[in-house]
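J.: Chains as they are written, first to last, in my numbering: chain A, 1 to 112; chain B, 1001 to 1116.
Please keep in mind that the hints were generated in silico from the structure rather than gathered at the bench.
Since we're looking at a predicted model, the values are computed, not measured.
We put the beta carbon where it would ideally sit given N, CA and C, even for glycine.
Worth double-checking, as some hints may not be accurate.
[As the list claims (entries may be wrong)] Label-pair restraints from in silico Cβ distances:
id: 1; chain 1: A; residue 1: K111; chain 2: B; residue 2: S1080; range: 44 to 50 Å
id: 2; chain 1: A; residue 1: T67; chain 2: B; residue 2: N1062; range: 32 to 38 Å
id: 3; chain 1: A; residue 1: E70; chain 2: B; residue 2: A1052; range: 25 to 31 Å
id: 4; chain 1: B; residue 1: L1079; chain 2: A; residue 2: P112; range: 20 to 26 Å
id: 5; chain 1: B; residue 1: R1077; chain 2: A; residue 2: R61; range: 39 to 45 Å
[To be verified] Heads up, simulated EDC-like pairs for lysine to aspartate or glutamate below, C-alpha to C-alpha not over 20 Å straight-line:
id: 6; chain 1: A; residue 1: K69; chain 2: A; residue 2: D39
id: 7; chain 1: A; residue 1: K57; chain 2: B; residue 2: D1026
id: 8; chain 1: A; residue 1: K42; chain 2: B; residue 2: D1026
id: 9; chain 1: B; residue 1: K1009; chain 2: A; residue 2: D39
id: 10; chain 1: A; residue 1: K42; chain 2: B; residue 2: E1104
id: 11; chain 1: A; residue 1: K111; chain 2: A; residue 2: E81
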Amino acid sequence: EDQVTQSPEALRLQEGESSSLNCSYTVSGLRGLFWYRQDPGKGPEFLFTLYSAGEEKEKERLKATLTKKESFLHITAPKPEDSATYLCAVRIVKAAGNKLTFGGGTRVLVKP
Amino acid sequence: NAGVTQTPKFQVLKTGQSMTLQCAQDMNHEYMSWYRQDPGMGLRLIHYSVGAGITDQGEVPNGYNVSRSTTEDFPLRLLSAAPSQTSVYFCASTLLAGGTNTGELFFGEGSRLTVL
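Generate the whole structure from the sequences, applying the supplied hints.
T.: Below, the structure is given as structure tokens:
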């Protein structure tokens, strides 16, 4: 069964305290891993696409990396405005169709 | 640029009532989808469509119907609401590349549904 698991469920950081979020997956037919950010009361917003093991993408204080079984979202020197829920998703392409399956998310709170 | 528009934002139903959640996008996206988001469960795919007249089931399709008569609209129908359908519903769309969704979904703001 295709599974996407994110850890930890919640993360409390002091401003400037770097950390990493994990997204592990056991799927067949994987065609890409995606990271999203979701603010309270809003829909998720796309951040990154990763396709191959070893690939890295960066945006401001965020860097996403990918291995064969998991992805990490590194937050460097976070600021309070980085507080959000971060979601990862995998795109599964099979003969029966194509869909995006999401993990449960990691809630990040950055305190000043 | 409106993007993905969902209506209503909030709705309270009684068990057994029916309703339709509306979703419209103005980006000419072929791929549209509906997700529900519940605490601790993440986003779960209900139904999706790769074009007008084409729909398919996701992970949790039971109790929901969809249709796609135009590229822009993808309504989600609850025929007989149940308390288990209390959730936040998100519509999302994206382009297709080689018949596959690009993975870069554009989401609406969500519709919060409570079934009593």
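J.: Tell me if the straight-line CA distance from K1009 of chain B to D39 of chain A falls inside 20 Å.
T.: holds (16 Å)
J.: Falls inside 44 to 50 Å, the C-beta gap from K111 of chain A to S1080 of chain B?
T.: holds (46 Å)
J.: So the hint says 39 to 45 Å: do the beta-carbon atoms of R1077 of chain B and R61 of chain A match that?
T.: holds (42 Å)
J.: Take the C-alpha atoms of K111 of chain A and E81 of chain A, compute the straight-line distance between them, and say whether it is at most 20 Å.
T.: OK: K111 of chain A and E81 of chain A at ~9 Å, within 20 Å.
J.: Are the Cα atoms of K42 of chain A and D1026 of chain B separated by 20 Å or less?
T.: With Cα atoms ~19 Å apart, K42 of chain A and D1026 of chain B stay inside 20 Å; holds.
J.: Taking only the CA atoms, is the gap from K69 of chain A to D39 of chain A under or equal to 20 Å?
T.: Violated, at about 27 Å.
J.: Hey, K57 of chain A versus D1026 of chain B, does the alpha-carbon distance stay inside 20 Å?
T.: violated (29 Å)
J.: Straight-line Cα separation of K42 of chain A and E1104 of chain B no greater than 20 Å?
T.: holds (16 Å)
J.: Please check whether L1079 of chain B and P112 of chain A have a Cβ separation lying inside 20 to 26 Å.
T.: The hinted range 20 to 26 Å is violated for L1079 of chain B and P112 of chain A, with Cβ atoms some 49 Å apart.
J.: With respect to the beta-carbon atoms only, verify the hint that T67 of chain A and N1062 of chain B lie 32 to 38 Å apart.
T.: The hint (32 to 38 Å, Cβ to Cβ) holds, given that T67 of chain A and N1062 of chain B are roughly 35 Å apart.
J.: Quick check on a hinted range of 25 to 31 Å for E70 of chain A and A1052 of chain B, using CB atoms only.
T.: Given about 38 Å between the Cβ atoms, the range is violated.
In this structure, the earlier hints numbered 3, 4, 6, 7 are contradicted, and the remaining ones agree with it.
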